[in-house]
Amino acid sequence: MKKILLTVVALATAAGLAGAAVVYGGFYDISATDQHLAPTYQLLDIAMRRSIKLRAASVTVPSLDTIGALEHGAPLYRDHCAQCHGAPGVAPEPFALGLTPAAANLAHTGRAWPPEEIYWVVRHGLKMTGMPAWEQRLTESELWAVTAFVKRLPELSPPDYRRLVADLPPHDHTQDHRGEPAPQRPDAERGRRIIQQYACATCHRIPGVVGPDAPVGPPLDGIGTRAFIAGALRNEPAHMVRWLRSPQEVTPDSAMPDLGVDERDAHDIAAYLATLK
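According to mature numbering (1 follows the signal peptide of the UniProt record, and there is no 0), the residues represented by the sequence shown are -20 to -1, 1 to 257, in order.
Some hints here could point you the wrong way.
Unchecked claim - SDA-like mimics (lysine to any residue), calculated; alpha carbons at most 25 Å apart, straight line:
id	residue 1	residue 2
1	107	51
2	33	149
3	107	16
4	33	88
5	107	257
6	107	165
7	107	11
Because the hints were derived from the structure by calculation, they are not lab data.
Turn these sequences into a full structure, and let the hints steer you where they fit.
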């Protein structure tokens, strides 16, 4: 028994060392111009499907027949999904063709996946795939309208899809947010969670938020104790909300862009930043 245990430990150690050598040696090609090795793709696909199934199990699915999949889902799909996934008879945008792995053909997804899993992915997105989380930018009813539309995709021919979108107005990007009102009591923990949905960590080091070490903007550790915001506003909750929502109204030449942060998110993010002492 001892010999078997030692053998297992030795094999595990060797596997760990081999994995470390591959990682630190840079031997695995992560370029998007070359496909994954088949075992890597299969492992990632299995891990993704099992993770989604576990987390979507608690989702309560409404009656999709009453949502208006075609009426309400078609414009949302055209504006937010077709760019990467394409549509019946419509190719993805050129940039999306360079994704590895390629964005899924959702006609197959609509046929093979249950609605709760489609909804979960639309809402939460998928790490390291290019699939964004839409929970900050679509309402609950819109998330389900997209889900219902994806379930109907296998039934749509190219002429069907063209008719659905033919008379739609151009996409208004200024409406790409839910626009929730300010909360009665800001939620700092929610602010920590959603701050990543605005890509703040791509410019700032933020305690409690995992991101690249790319300090383009000032680090935010200790922001809760600073006297001023961007050297222009006293560091008070209302001023932080104003800065998060409209930075270039405060400082026109600021590199901080207007990210479309809604009232609720701004209050919650401001509450989290205030905890960073």
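Verification of the supplied hints:
Note on residue 107 and residue 51: the hinted pairing is violated, with a Cα-Cα distance of about 30 Å set against a maximum of 25 Å. Proposed proximity of residue 33 and residue 149 is contradicted: the alpha carbons are some 36 Å apart, above 25 Å. Among the hinted pairs, residue 107 with residue 16 is consistent with the structure: their alpha-carbon atoms are about 16 Å apart, no more than 25 Å. Distance restraint check for residue 33 and residue 88: the Cα-Cα separation of roughly 17 Å lies within the 25 Å cut-off, and the hinted pair is therefore satisfied.
Simply put, residue 107 and residue 257 have alpha-carbon atoms about 30 Å apart, too far for the 25 Å limit, and the pair is violated. Taking the CA atoms of residue 107 and residue 165, the gap is near 30 Å; set against the 25 Å cutoff, the hint is violated. Of the pairs offered as hints, the one joining residue 107 and residue 11 holds, with about 17 Å between alpha carbons and a cut-off of 25 Å not exceeded.
The structure is inconsistent with the numbered hints 1, 2, 5 and 6, although it conforms to all the rest.
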